[in-house]
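Peer 1: Each chain, letter by letter, is given below.
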Amino acid sequence: MSGALSRGTLVIDVERCKGCELCIPACKPRVLTMTTDKRNEMGYFYPELEPGCTACHACALICPDFVFQVWRYDEAVAVEEEGSER
Amino acid sequence: MSGALSRGTLVIDVERCKGCELCIPACKPRVLTMTTDKRNEMGYFYPELEPGCTACHACALICPDFVFQVWRYDEAVAVEEEGSER
Amino acid sequence: MSAELLEGSEALAKAMISAGCRFFAGYPMTPFTEVLEGMAEHLPEVGGTCVNAESELEAVGMAWGAAAGGARAATGSVGQGLSLMQESIAEMCFARLPLVVLNMARGQGDYFQATRGGGHGDYRTIALAPADLTEAVSLIQQAFYFADKFRNPVLFMGDYYLAHVIEAVDIGPVDFEALPDKDWLLDGSTSGSGTARIISPLMPVKRNAEVFVEYGDYLETSGDKIAAIENGMEPLFESGHCEDADYVVVSYGTPARIIRYAVDQLRSEGVRVGFFRPISLWPFPSAALTEATRTAKAVGVYELNAGQMVDDVRLSLRDKVVESIGGISFDDSGFGIAPELTPARVEARIREEMANLSNEVDA
Amino acid sequence: MSAELLEGSEALAKAMISAGCRFFAGYPMTPFTEVLEGMAEHLPEVGGTCVNAESELEAVGMAWGAAAGGARAATGSVGQGLSLMQESIAEMCFARLPLVVLNMARGQGDYFQATRGGGHGDYRTIALAPADLTEAVSLIQQAFYFADKFRNPVLFMGDYYLAHVIEAVDIGPVDFEALPDKDWLLDGSTSGSGTARIISPLMPVKRNAEVFVEYGDYLETSGDKIAAIENGMEPLFESGHCEDADYVVVSYGTPARIIRYAVDQLRSEGVRVGFFRPISLWPFPSAALTEATRTAKAVGVYELNAGQMVDDVRLSLRDKVVESIGGISFDDSGFGIAPELTPARVEARIREEMANLSNEVDA
Amino acid sequence: MEREILLSGIGGQGVQLAARSLAQAAMREGRRVLMFGTYGGMMRGGDTDATVVIGEDSLMTPPVVDRVWGVIAMHHLSWPAVSEKLRSDGFLLLNDKVFQAENSHPGPCLSIGATAIATEAEMPQAGSMVALGAFAAATNIVRLETLLDIAEEVLPSYRSQFAEGNRKAMQLGHDAVSGSICEAWGVAEAVS
Amino acid sequence: MEREILLSGIGGQGVQLAARSLAQAAMREGRRVLMFGTYGGMMRGGDTDATVVIGEDSLMTPPVVDRVWGVIAMHHLSWPAVSEKLRSDGFLLLNDKVFQAENSHPGPCLSIGATAIATEAEMPQAGSMVALGAFAAATNIVRLETLLDIAEEVLPSYRSQFAEGNRKAMQLGHDAVSGSICEAWGVAEAVS
Amino acid sequence: MSEILETATPPKRKAKLVDDFEPSLILEGKHQLCAGCGEPAALRSTVEIIDELGLADRAIGVFGIGCYTSFSPVLDLEVLQALHGRAPSLATGLKRVQPDSIVFTIQGDGDMVNEGLQEVIHTAARGEPVTCVMLNNGVFGETGGHMTSTTVLGQRTKNTLEGRDPKQHGFPIRMAEMLAPLDGVAYVARGATNNAGNIFQLRKMLQSAFEVQRDGLGFSFVEILTMCPTGWFIQTGEAPDYLADKMASYHQPGIIKDAREGA
Amino acid sequence: MSEILETATPPKRKAKLVDDFEPSLILEGKHQLCAGCGEPAALRSTVEIIDELGLADRAIGVFGIGCYTSFSPVLDLEVLQALHGRAPSLATGLKRVQPDSIVFTIQGDGDMVNEGLQEVIHTAARGEPVTCVMLNNGVFGETGGHMTSTTVLGQRTKNTLEGRDPKQHGFPIRMAEMLAPLDGVAYVARGATNNAGNIFQLRKMLQSAFEVQRDGLGFSFVEILTMCPTGWFIQTGEAPDYLADKMASYHQPGIIKDAREGA
Ligand SMILES: Cc1ncc(C[n+]2csc(CCOP(=O)(O)OP(=O)(O)O)c2C)c(N)n1
Ligand SMILES: Cc1ncc(C[n+]2csc(CCOP(=O)(O)OP(=O)(O)O)c2C)c(N)n1
Ligand code: SF4
Ligand code: SF4
Ligand code: SF4
Ligand code: SF4
Ligand code: SF4
Ligand code: SF4
Ligand SMILES: [Mg+2]
Ligand SMILES: [Mg+2]
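Protein chains in written order, with numbering that gives the first Met the number 0: chain A, 0 to 85; chain B, 0 to 85; chain C, 0 to 362; chain D, 0 to 362; chain E, 0 to 191; chain F, 0 to 191; chain G, 0 to 262; chain H, 0 to 262.
In case anyone wonders, no lab produced these hints; they're calculated from the structure.
Please read all numbers here as calculations on a predicted model, not as lab measurements.
There may be inaccurate statements among the hints.
Below 35 Å or equal to it, Euclidean Cα-Cα: the simulated DSBU-like pairs (lysine-lysine) are [claimed, not checked]: (1) C/K296 to D/K181; (2) G/K166 to H/K256; (3) A/K27 to H/K166; (4) G/K29 to B/K27; (5) H/K13 to A/K37; (6) H/K166 to G/K203; (7) E/K84 to G/K29; (8) D/K224 to C/K319; (9) A/K37 to H/K15; (10) G/K166 to G/K29; (11) D/K148 to C/K296; (12) A/K37 to H/K29; (13) H/K29 to G/K166; (14) G/K256 to H/K256; (15) E/K84 to D/K224; (16) H/K29 to G/K256; (17) F/K167 to A/K27; (18) G/K13 to B/K27; (19) G/K203 to G/K13; (20) D/K181 to H/K13; (21) C/K148 to C/K181; (22) A/K37 to H/K166; (23) B/K27 to G/K166; (24) C/K224 to H/K15; (25) D/K181 to C/K224; (26) D/K296 to C/K319; (27) E/K96 to G/K29; (28) F/K96 to H/K256; (29) G/K256 to B/K37.
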């Protein structure tokens, strides 16, 4: 999905995540994926964001642990050029 | 209704009657009538039987105070001749 | 306001309204039904609400909600219905909510329930028991005052006699010391403010309170709440002819009214007997009782039950002879009319006990 | 049967079944939930029925029905759930039905509820409180025996510790004196016979009985039922090191187990302290307590509440100094785990009291 | 002086209403009053009685009494209990015809067909009110006018339509008695 | 002799199961046992601990103790409470990496990466069982074979599928310890 | 005016007894319920049907608290007297330990739809094989005629003397319709005692309900509309029509569910 | 595998905050409910809708007892904590004395359909203008995952590990369908939190329910199916589908009654 336009982005408070994976299918563009190696302090895998977020906030609405902060860009961002910036 | 055939008859324990009059309309052939002068010990009017009872026991089924004993004659009785006998 | 001839139940209703009660919920059960009817008739006249709740549990729940909303609220039943409310009454103590609960009791078998709390955990409710209607209409107003003052349910103990006696009573509002505003009530106004209120038996404050109180610590404060009432109010009582009494009869509620009459009669015949009547069953007037029984050789507890208040009398008077001289007495209505409770029988009972007493002293 | 390593809740369930319990109904509430789970698992194995009732009120109702049908039946909850059952428990006494009711209490705040009856009217329930699992599995069997013998509900008082302690216990059926057949049970067989049975809190017999009992008269028999139990059973207790004790600590349930341990430790250091543990909270072992405290200068009551059993101790020991030395203690689970309840703190508490005592004696 | 009057009968509200009317009238006339009624048994239709205490000052008498000065006895079924309470010099008013027990009251006694009079007047339930009218006439415990005055206020609003009938009943009872038999207060004592 | 062992950690059933396994194994080996566990707070995921008492005869020790002979500490959060209880000559087993507090225990101490070992073996929840295996190896309080034996019976039937994993975890823990560090019973005392 | 027959003694002619003063399984017919009360007829029908079905020697009645309670000591059936509202739970426990018995409850609308509403719903949902009979007069008769949760709009009761007004008093609950959709429920019907025809219908409903229990098909329920002239503050003679006009138009009589039909 | 973005800090580019960690009216987002629990999302939606409707400064939540109770001290709304099962009665009393407030209950299926079933039915029948929100996970989550009165046939719970069997455990109750026919009820809907689409639907339902209360139209009710992987003894990731397959086929999501439609 590299090359996707991102209309939004997230801040993920991974330390709150309990690894339930509810956010993964909730994300329509499928830009969230669970870690498979890294764990947080509590020992859970957690989601990471790939380019292509639409800021639809579905992930935030379903996440039981309020792990996400959702931002909508004023202008969509072409991530292939921007992704590395942050 | 004199002259009606009686297929049954009642024993009425008037002392139990509380004068509610539920039996009156319950009787299809309309052979029960409330006294208008006589009262029982408790001070209530009570029903009396005229000829023409069908022994349908509707009166017994509805009477809240179990005032009626219902009898079905083996043969119907023409009351104009029999009524006075009892 | 001048005296009006009123049946007890209606007088109680009017007195509650006079005390500012604006919410009442109840479920019929004789002789509480009669009070409920009075409230249903008169509360709307002052803009209050009376709900014919679908059960006792729902009645106390509604009253709980109304109390949380800041209204002076009351409910009640007979002892049996109160049994159903025990969980709620106990937990309203923990939630620190005022409420007046009427027990229009059948007999006097509910003394333990009233004074020990029939519910779970450490809590107590003030329990007030009038002997006649004039006292009742003032005492029930006091009940609302105490409930608000201590933020605790208060029991008002009536009975069939009180519900049905008809007397001329004066129901003016009784004046009490001003109470602080209910700055804890819920009306939605603090919602969204960052410091929204909470009323809960589990915790006194929201998590973001300056001092958050953990559940375990909150549970441990139960004893303090009990002590706050014990220290904050004088137990109520009436006594008569006790100064030089050889024998003191202790009794509460309507039976005490008969005892008072019988003792008066006996005194007029020179018998050295006194009477003592706890008005607040909890806190129990132990000190006053001790004082009142100073000269007494023995103390008789007349209650219409198998012996309940006698425990409190014994706990108060550790070195006196204390005997139960009442007993269970019911007519077939089951409503709490006691065939034994007549001036003559009560008088005879006292004479008999006093005779035993002098026999024992002689022996 | 040899010993098995069992968690308390499961051991209790197995012991009930061993006592012949064949019907159980309950609604979850920690730590009663655990017993309910045990019954749900094991009752069907012997053809019994365990119903996950929809509420405490329905649970006690179902148990009532099953008891009327002649089954050994039980229900329970924690004190809070028992508050909801008070109407039913009281009225089952009036209906003369056996039942075992478990109060897997949170803390010890329910002593009054258990011993005074939180319900209405004149009734009492036997209340049994074990200190450890070995005793518990035998005592709960006794509970069924007493319930049947006196046709009265019996309370069994456990707690979080008892539910969760894991010990090796032997759950053989305990033998008791044979009881008469339940010739009062309902199974439909007397219907239509002209002498159909009735079980009712309002009356003991049908109207066509040889001696019909009026409602008022029946209500008046409540006291007799209480007396029948008091006269019909020896109160249960355990005591230790009391012979020459200067100070006796009274305690029940799990805390008494810790007290027993602490007193043992203190004795091994030469401190003249004894312990007394009521096992039946009602009837309260007053006579035994009087005997056990003969040499004591003072008595301390250690209970994890604001002071409840202390009333019974005072009522038993009218001329002794009796002090509350326990108190409410809860961790944040609210389940009744008491941070104060450790051998060291309990021991320190006793030492402190005894020091006060000798200071007072010195002064 | 305190006068205790016991009204007793079987079933219905009649006796209670009569007692209430008596109490209300006495209060209207400036006296202190106390009343207490009971219904026998849980069941409907049992016996019912009511005690009214009337006096000048703050009353000492409790709602439950052993001895009464006056009795209105509507039915013999409750007579045994009632007769025990009536002082030997007390006044007894009996509901003739309905009342079928032996009555050996040594004191003043009046027997009138209260139920019969009421039934006659097409108000068979108003016997107690007839008796009350008669009792007032025989004792002057309260004045008839006062009774007529309070006839409406003693009824719950949804029954006020019965006030007129009750007035008539009391009037009929009063008329059935030719004059005072046993003065409650003595002429001098009547509060104006 | 009575040996008190306190197991403590955060959340989950692991600690309780390890304690139960220890108790069951000790009983299987003929000893008397007593165990009591608590969960901190009403909420899910709080701290949890369990005390196991093992001895030869009828036990005097109550379920609540002030002092313990051994500790298995899975997480630093509960350490302050736990450290108070451990006798200065008691034995401490720490869950390395997860455990991040200062540990100034003067007595014998063993630190192993129990959670890490378990995670490695794809059973991140089985850290406590690894620790138990290690504890047994370090103290000989029970034999490994006994622990493996009772692995299934300590599980509720609907969880019996986890028995194999738990056996593996205990084995791994046992293997991670090279030999006894602090004998629970002394060689002579071991019950056969 | 027609001739009045003598009815003081049984006929001398040959005749068969159709109905006696004390209905079968009722020990004492004399009682203290009010004149014109609909409850005695409802009870009579219930126990007579039990008798007719040959179930009399294994039937147990579990009674709630209301005016009908005064029949609990006069039935020649075993009776378990429950507290107000609790009968269905008692019935559950009893039936579970005596599965061969026929267990039925007698409850009023106050008992069942107010105090103990959830007891009967849970019992029904569980499909408990018992029969609950509700005597619905729309009032707490025994305590003096107050509104219950079944009182229909416009109905007079002691606390709705102007008729129940939804703004003040809320809306009634249709009990039979509430229970019928539950999966555990095999039979639901509503009858009435206001006239003989309805009583005949009612008896058929009761028969079906007890057959359902006998055959172990699940929970069965019969609601019976009964007159309470006292609580309605009307004349006894007006009560049957009042029932028909006010109550029955909202609580409509009929068979509402019969799981056997599908079978 | 795609590139992973950095998500530790807010974006530097111009952007608008759509959702913050602590949802509006929730003071503290961190909590101790289980991983994958459906209740936090349900609560979040409820309070956010209150905020969106501009009702935040007069709303009061009445909480039952269940896992959700741990939110009672962390909402920035006034909270009245009820006992298990009793919330609707408390809500009734509160609303009666504070008629301008917006009163809603938060209850679980155990709280509402077991312990306090009759409270909510009576409140609904009265047409009490409050909003009851039920979080239905088919289990007593808090006490360890036992069956409730809504547990569907075949559902795994702690005491029905093989799935609920009607013979042993009776049948479930459909709460929304039971309440909808009552005359006092203005709005009834059932939503779910098992996927984003359902949550969007749910929010519309909640909006309608609170509008109905705001406009004084009567009782409103929203049932929310929530995941309880702990009580269902399944993996968190499987819970949404389990909800859809097992629960939602019996307790069907949708708007069941909207009295405004007719108007
Ligand atoms: C717990 C409890 N609350 C209240 C009562 C008082 N009470 C007795 S009968 C009754 C009403 C009965 O109504 P219903 O069941 O409809 O019977 P009905 O009298 O109308 O036949 C009430 C409220 C009681 N006995 N128990
Ligand atoms: C009267 C009473 N009985 C039992 C309990 C114990 N209890 C606490 S929460 C709960 C179950 C809650 O279930 P539900 O409402 O469905 O909430 P969930 O935990 O599933 O979110 C129970 C039975 C209680 N608190 N009070
Ligand atoms: S806001 Fe929408 S698109 Fe972006 S990560 Fe969340 S669910 Fe996916
Ligand atoms: S939904 Fe929330 S808690 Fe669950 S995995 Fe995603 S971020 Fe973590
Ligand atoms: S049996 Fe039938 S016909 Fe005869 S009187 Fe009765 S109702 Fe009338
Ligand atoms: S139905 Fe019965 S009680 Fe009523 S009038 Fe007829 S006979 Fe009398
Ligand atoms: S009050 Fe109503 S239900 Fe009760 S006996 Fe009278 S008429 Fe029947
Ligand atoms: S037990 Fe169920 S409802 Fe409770 S927090 Fe866990 S997942 Fe949520
Ligand atoms: Mg009714
Ligand atoms: Mg739930």
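Peer 1: Given the hinted pair F/K167 and A/K27, is their alpha-carbon gap at most 35 Å?
Peer 2: 40 Å, violated
Peer 1: Could you grab the alpha-carbon distance between D/K181 and H/K13 and see if it respects the 35 Å cut-off?
Peer 2: 83 Å, violated
Peer 1: Sort out whether G/K29 lies within 35 Å of E/K84, counting only the CA atoms.
Peer 2: Holds - the C-alpha atoms of G/K29 and E/K84 are around 31 Å apart, at most 35 Å.
Peer 1: With the threshold set at 35 Å, check whether the alpha-carbon distance from D/K296 to C/K319 stays at or below it.
Peer 2: 21 Å, holds
Peer 1: Are the Cα atoms of C/K296 and D/K181 separated by 35 Å or less?
Peer 2: 49 Å, violated
Peer 1: Taken at face value, is the distance from the CA of D/K224 to the CA of E/K84 at most 35 Å?
Peer 2: Since the Cα atoms of E/K84 and D/K224 sit roughly 34 Å apart, the hinted pair holds (cutoff 35 Å).
Peer 1: Is it true that the CA of A/K37 sits at most 35 Å from the CA of H/K15?
Peer 2: Distance ~30 Å between A/K37 and H/K15 Cα, so the pair holds.
Peer 1: Tell me if the straight-line CA distance from G/K256 to H/K256 falls inside 35 Å.
Peer 2: 23 Å, holds
Peer 1: Is it true that the CA of H/K13 sits at most 35 Å from the CA of A/K37?
Peer 2: 30 Å, holds
Peer 1: Measure nothing beyond the straight line between the CA atoms of C/K148 and C/K181; if it is 35 Å or shorter, mark the hint as holding.
Peer 2: At roughly 10 Å apart (the allowed maximum being 35 Å), C/K181 and C/K148 satisfy the hint.
Peer 1: Checking one constraint from the list: CA of E/K96 to CA of G/K29, max 35 Å. Satisfied?
Peer 2: 24 Å, holds
Peer 1: Given the hinted pair D/K148 and C/K296, is their alpha-carbon gap at most 35 Å?
Peer 2: The hint is violated at about 41 Å.
Hints 1, 3, 10, 11, 13, 16, 17, 20, 22, 23, 24, 25, 28 and 29 from the earlier list are contradicted by this structure; the remaining hints agree with it.
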